[in-house]
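Going down the list, the protein sequences come from chains H and X. Residue 288 is where the first sequence starts when you use the working numbering, and the numbers rise one by one after that. Residue 288 is where the second sequence starts when you use the working numbering, and the numbers rise one by one after that.
Check before you lean on any hint, since a few could be wrong.
You can't tell identical chains apart in this list, so a pair holds if it fits in one copy or across any two.
[Said to hold, decoys possible] Calculated lysine to aspartate or glutamate pairs in the DMTMM-like style (CA-CA distance at most 20 Å, straight line):
| # | residue 1 | residue 2 |
| --- | --- | --- |
| 1 | 521 | 692 |
| 2 | 521 | 418 |
| 3 | 333 | 452 |
| 4 | 484 | 630 |
| 5 | 484 | 385 |
| 6 | 484 | 692 |
To be clear, the hints were calculated from the coordinates, so they are not data collected in a lab. The structure displayed is predicted, hence computed values, not measured ones.
Number of protein chains: 2
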Amino acid sequence: MRNRSTVMAWATATCGVALAAVVFASSGPQAANDAVRRVRDSAGFKTAMTAIDRDHDRLVAEIVRLTEIPAPPFKEAARAKVFAEMLRQSGLADTTIDAEGNVIGVRKGTGAGPLIAIAAHLDTVFPEGTDVKVKRDGTRLMAPGIGDDTRGLAVLLAMVRAMNEARIATASDILFIGDVGEEGQGDLRGMKYLFQKGPYRDRIKMFISIDGAGGGDDITHGAVGSKRYRVTFKGPGGHSYGAFGIVSPAFALGNAIRRFSALTVPTTPKTTFSVGVLGGGTSVNSIPFESWMEIDMRSESAVELAKLDKTFLALLQQAADEENATRSTAQGPITVDPKLIGDRPSGQTSHDSPIVQTAASVVQAVGMKPRFSFSSTDSNIPISIGIPAITVDSGGRGGRAHALDEWIDVEKSSSLPGIRSALILLLTSAGLK
Amino acid sequence: MRNRSTVMAWATATCGVALAAVVFASSGPQAANDAVRRVRDSAGFKTAMTAIDRDHDRLVAEIVRLTEIPAPPFKEAARAKVFAEMLRQSGLADTTIDAEGNVIGVRKGTGAGPLIAIAAHLDTVFPEGTDVKVKRDGTRLMAPGIGDDTRGLAVLLAMVRAMNEARIATASDILFIGDVGEEGQGDLRGMKYLFQKGPYRDRIKMFISIDGAGGGDDITHGAVGSKRYRVTFKGPGGHSYGAFGIVSPAFALGNAIRRFSALTVPTTPKTTFSVGVLGGGTSVNSIPFESWMEIDMRSESAVELAKLDKTFLALLQQAADEENATRSTAQGPITVDPKLIGDRPSGQTSHDSPIVQTAASVVQAVGMKPRFSFSSTDSNIPISIGIPAITVDSGGRGGRAHALDEWIDVEKSSSLPGIRSALILLLTSAGLK
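Only chain H is shown next, with the shape it has when bound in the complex (with noise of 0.2 Å):
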């Protein structure tokens, strides 16, 4: 998911009209402006919303649906196989599942316009095992993975179906994606297979993540970069009350999180860190001959973030050391192995370039003021490889994300806007016909 820091506001929000009167002489926003409204204008898109509204309980059918598929970290798979059949059903019979676990559906356009891609993630942070159960109150939803990011598959269900319906064409072939691997350990494989590997590389000129819920008026055009560890600290381990006196891996790991969590870091620009997972160990009566921990760093600076990076590292060598020093080592030493496993590059999608243009003009020409963020999201890569990308929201109110009691709420009236900004985005970024 995206978890957002807005790093600034748009002219509108904070300056008032006068400021954002000269930043939108330039020639950009208008024509931005006059796209978005012609779309939001256009009888095909007012008969796509029709449907959307009309149909909105399929929506939540579907959430519910794709919900209660558990979809772990590189086991997808089920859920893939699902969506990519709800797909076909919804009007795409080109879809087919890559060799990394992405479900694409194509959507032919005139020819006239370069590849669009739009994105949803199939995959969950909830391991497995995990009850992804919806319990419902009222319009309110509640399971692990709800809105993020299972609403945003729904809505690009809804969206295809929509577009369908209204006999909308567009310049641009749009891919409709669900991705694997957006989330922790998945360090974005499902991205990097597409714009790196997969047959669409190299073709894909512009990216568009639905990625959790949300009202519709944040635009994330800013990559957070991110470094991640499994962290292995390793001993000779022994019996609990016999070696009682040697070196142990769990006590230099405590020290470890403890300096961890003492340091401090900049707001602006907003860095943090976290540990997630923790693991090793073999039996309550042994020293462990090794504990483990996973970390998360991420900074929408990558000099911030290499410097974090950096001190972790150092204090990972003296938590060991420390140990090393205070108990015997005449079994063997601790030795600490940080493995990185996640690697995230920073990065942003310029305020200038037409799709963040156009986001904005999007969330002005539905009444609301735009908010620029930066997050880790699937746009990361092709942000970092220089394609234009944008996450914005699913739509509707939601929260907990990561969390067992992770919600949305599906009221219709807060539901729908924010499908309807993505979809202008998207046929905006497309070229309504």
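Following the hints, put chain X in place on chain H, whose structure we already have.
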């Protein structure tokens, strides 16, 4: 297993003959010496040892057979079933498996002595799926659990057969027991049932545990007490980037481990602490909603153990409090739940008690110097309720208990003396007729 702390040497071991003479001047040791010599020199005992010597290959084969039946904590049933059948085939028709899972075979005496029990434990520390195939290198056998305590089970079988072949009669009825739950989280459940709930509660007047390879000079008469906890820190959890700044149970846990690792404990009475297993967290990019550890604290002294326990519980709360003071609790605070998963009493069987006097005499009678030690073994339970109990070696050399490369050496001349000592101890205690 027992992992011993030798707390005092027998007088002769350090002070020479003069002091030894003083110590042995009291009637207890002298009576014990006489009784032990009577057994050692009896025709019945000699015939029994001839049988054990002759059938040593069968002992080895039975060690291998039993070792290769996995017996993880709480899953000893398969091994118990086979061991019960082997006890029957070795001559104890009156063999049952009690409600807790202990195998108990009865060898009737003349009725002139109190009921005596001798036991080895069925369970190992190793989880399901551990490869328990025995690897042989000459007389050296390597496999998880082979010395702790599978060799002990096979020694019980050899004793029963040898006693029957020699037509040995004892005053006491003897229970031969293969018990469950000696290790780790088993928390001595086999013994707790036997002495507190089962049909033999209040009837057993003396207890001998055969546990772990060793030459036969060690007498564990002291019970090392232990407290074990599974400690879970809980918090609201959330996205590692989006929710950065909220309290983290992993950080609180790291702080607790750090504080725990820095405690000082006395060398005498030996007191220890360890973090065994770590866990918790759902993904690398989520702040966990829980992080947990399993810890073990032990002491020869009930007072020191209680002190350590109190300090530990306080530092857990301090770690939670400190995390709540350091980061935001807007989504909820960190709480800590220390669940007691092991509680073994401390205590000791007095040096003056007949069983310890007899064991010491046995060690001397076979030409060695007795070593007195404390450990955590099946004897903890009878000791804690005032029943004389000790734990002794099953014989032979061995090492690396609780490790995957655990080994024993079944070279006959070093394998037999420990069995010989244990049999003299048993027959003297049971009143050889």
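Hint by hint, where does the structure go against what was stated? Just the numbers, ascending. 6
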